[in-house]
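One line per chain: the protein sequences are A and B, in this order.
For the first sequence, my numbering begins at 267 and goes up steadily by one.
For the second sequence, my numbering begins at -19 and goes up steadily by one.
Hints listed in this document are in silico derivations from the structure and should not be mistaken for laboratory results.
These numbers were taken from a predicted model, which means no experiment stands behind them.
Just to be clear, a hint being listed does not mean it is correct.
[Stated by the list, open to error] So, partial list: chain A residues that the calculated Cβ filter (under 10 Å) puts toward chain B: (1) F274; (2) Y279; (3) L290; (4) A294; (5) T295; (6) R297; (7) Q313; (8) G317; (9) I323; (10) E324; (11) N329; (12) Y334; (13) L352; (14) T354.
Positions of the beta carbon are idealized from the N, C-alpha and C atoms, including for glycine.
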Amino acid sequence: MKVVVELFGLARYLVRRKEIRLDLPEDATLRDVVARLASQTKELIGQVIDGKRMELIEPYSLNINGQYVARDLSMKVNEDDRILLLFTAVGG
Amino acid sequence: MFGYTGNVLYVDLTVGKSKVEHISEELCKKYLGGVGLATRLLYDLNPPNVDPLSPDNTLVFALGAFAGTMVPTGSKHGIAAKSPLTGFIGDSLASSFWSQALRRAGYDAVAIKGRAEKPTYLFIDDNVVQFRDAKHLWGKGCLETDNLIKEEIGDEITSVSSIGPAGETLVRFACITNDRTRQAGRTGLGAVMGSKNLKAVAIRGTKAVQVAKLDEVMELCLDLYEKCQGTATEKYRILGTPSNVLVLNRLAALPTKNWQQATFEAAEKVSGEYMLEHYVSRITACSSCPIACEHICTVKDGPYAGSVAPIDYESLYALGPDCYIDYFPAIIKAAELCDHYGMDTISTGGVIAWAMECYEKGLFHKNDLDGLELNFGNHEAYVQLIHQIALRKGIGNLLAEGVKRASEKLGKGSEQFAMHIKGLELPGYDVRGLKTTALGLAIATRGGCHNRSPSYEPDVKGKVDRFKAVKGQGKLAMEQEDFAALFDSLILCKFIRGVFKDFYAEASKLYTLTTGIEITARELKKTGERICNLKKIFNIREGWTRKDDHLPQRVMKDPIPFGVAKGAFVTEAEFDFLLSDYYEARGWDEHGIPSKQKLIELELGDLAKDIGVR
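Generate the whole structure from the sequences, applying the supplied hints.
This is how it looks when you write it as structure tokens:
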């Protein structure tokens, strides 16, 4: 199953890419997305991803297709999902 | 007293006199400082229904408890007056050295009433207050005024708050600028200052600031300074708030083309990422701030070469996508002009975007606009228009009134796309697909504002389904508003909010150790609620009714045309529901009036009679 992770802000700045395509097993969850992301983009570890717990560091979160924010990483992903990696402290 | 000095400086410009009076610890604890204290002083000093541009409208500057101490981001001041833009409470914040200077001069607040006979500036030199001639400064921009006053006083340590030409011409969204680049931007307080013939307030403060428990305060502060270098603030430090552009664009929440769209085709060209790569020349901080969010941009070549301005998200949205401008150097030029003239960038962009739509709809013609072809995206015309607004020349005279008044005067259906709430032009969040945010902007006491009522947090963080209006969003909006009121009154910058694990516990401890005034986390939370209710009472006394908590017609009639929020808008039924849910959460009646019981609970019972509550 293929999904795309879109990068914004610091994550994009660190990785120097706008998006990353991931190939995942059929029953993959968001935890698999984070783990795969960490293995493919070491630059994110420590700043965006907690490399030991394989979780996002506060206040990063995952938004699915621009529609809703994932409550936890156990959520299953679907083919062609576009997952937005966001720093969710807005305002300015 | 510790932290506080216990002194308020009262200035009467009409008679050219000043006096100092003491304020009690009880008053400090009840309203903290900043916006809270400024609002309370204003409430007591202003007669009801005063003309905002008359001598009777008092302009109050108030410090938080932390100004002048080492508390990170604590050196800020709040300013309050009745707003000439909204007719309700006008309050705004600014940071940096001016607040430290005022505290070191020995004051917690300055309340200025009256009108000087001729252009004047105040020089507060510790205990001595001088009324100085400002005729030679009239017409000068904010930066030049700052330089000239410092030169005149002969001391670089002097800190200056001033207005530019827009304040002098009473542009209803003129701002007050301090320390050259910091603005109390919103609600037109610069026009209030201009109406008083007051060009500037310069301060030289040389006294020490005492805190109650020095070692403990230092320990807490060092911990906060360290945390401020962590992930919670890195967005602000590295890319700055303009990193919001691509996120909000992707969520179809980036107001574009006067809110006709919620996505901008050229978002990449006005993004924080693009800005950092091409235009950021340095990153600076306000005094006592370890975050350093201010990204100074410089144009190196092209028609706007040499332009320099700090760019944050709200300025960028209003002067960029909202006017359909994708040429970054023009945005820097526009922000530089706003800073020079002393005008709020959000309102300036908002009123120009409205004028552009009027032009494209044929409601303005080229000859109404001194030959300007004001199509969306025409940056040459929009730069020219900024000069005209500030100096009230040609069509600029109408636009200087703000979008509400301008649209009411023009009519012809232009009110339907006048993007304001209570007369205040809107910040950069398309609320059609952010329904808690829609409520938050509608109920904000100073008008459509993301800072006083930051209800986007539950929507963007996914605490709620952002496309739905359900029970509980009223409570969320209330909590965000109370939370913001504490930041604006303690004062702390909201960009530090992420470093607190338990804000109420940590902030109450910091306040107690700084001031020696015991306050619990529970009392602090209640204080936020008290301040929000006080601002509401101020508005009710000025004639507020439920219909003033409104949304622009476009938000309720025109669905978002494309993007992931395509089709979203706020229906009347949804909005009514949300508003009632909010009033209920607040303990107010269906008309939005606080109950006597609520006022007593908040120790505001003495004000009940002012708003007809029995």
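Hint check:
Given the 10 Å rule on beta carbons, the hint for F274 of chain A holds: about 5 Å separates it from the nearest Cβ of chain B. Proximity of Y279 of chain A to chain B holds as hinted, the smallest CB-CB distance being about 6 Å (cut-off 10 Å). Contact between L290 of chain A and chain B, as hinted, is not supported at the beta carbon level, the nearest pair being about 22 Å apart and thus beyond 10 Å. With a cut of 10 Å, the hint placing A294 of chain A at the interface with chain B is violated, because the nearest CB-to-CB distance is about 20 Å.
Because the beta carbon of T295 of chain A sits about 17 Å from the nearest beta carbon in chain B, more than 10 Å, this interface hint is broken. A cut of 10 Å between beta carbons decides the hint on R297 of chain A: the least distance to chain B is about 17 Å, and the hint is violated. For Q313 of chain A, the interface hint holds, since its Cβ comes within 10 Å of a Cβ in chain B; the closest pair sits about 6 Å apart. Because the closest C-beta pair between G317 of chain A and chain B is about 13 Å apart, greater than 10 Å, the hint is violated.
The interface hint given for I323 of chain A is met, as the beta carbon of that residue sits about 5 Å from the closest beta carbon of chain B, less than 10 Å. At its closest, the beta carbon of E324 of chain A sits 7 Å from a beta carbon of chain B; the interface hint therefore holds under the 10 Å criterion. Annotation: N329 of chain A was flagged as interfacial toward chain B, and the flag holds, the nearest CB pair being 7 Å apart, inside 10 Å. For the restraint placing Y334 of chain A at the interface with chain B, the shortest Cβ-Cβ distance is roughly 6 Å, inside the 10 Å limit, so the hint holds.
Annotation: interface hint on L352 of chain A holds; nearest CB of chain B at approximately 6 Å, less than 10 Å. For T354 of chain A, the shortest C-beta to C-beta distance to chain B is roughly 5 Å, which falls under 10 Å, so the interface hint holds.
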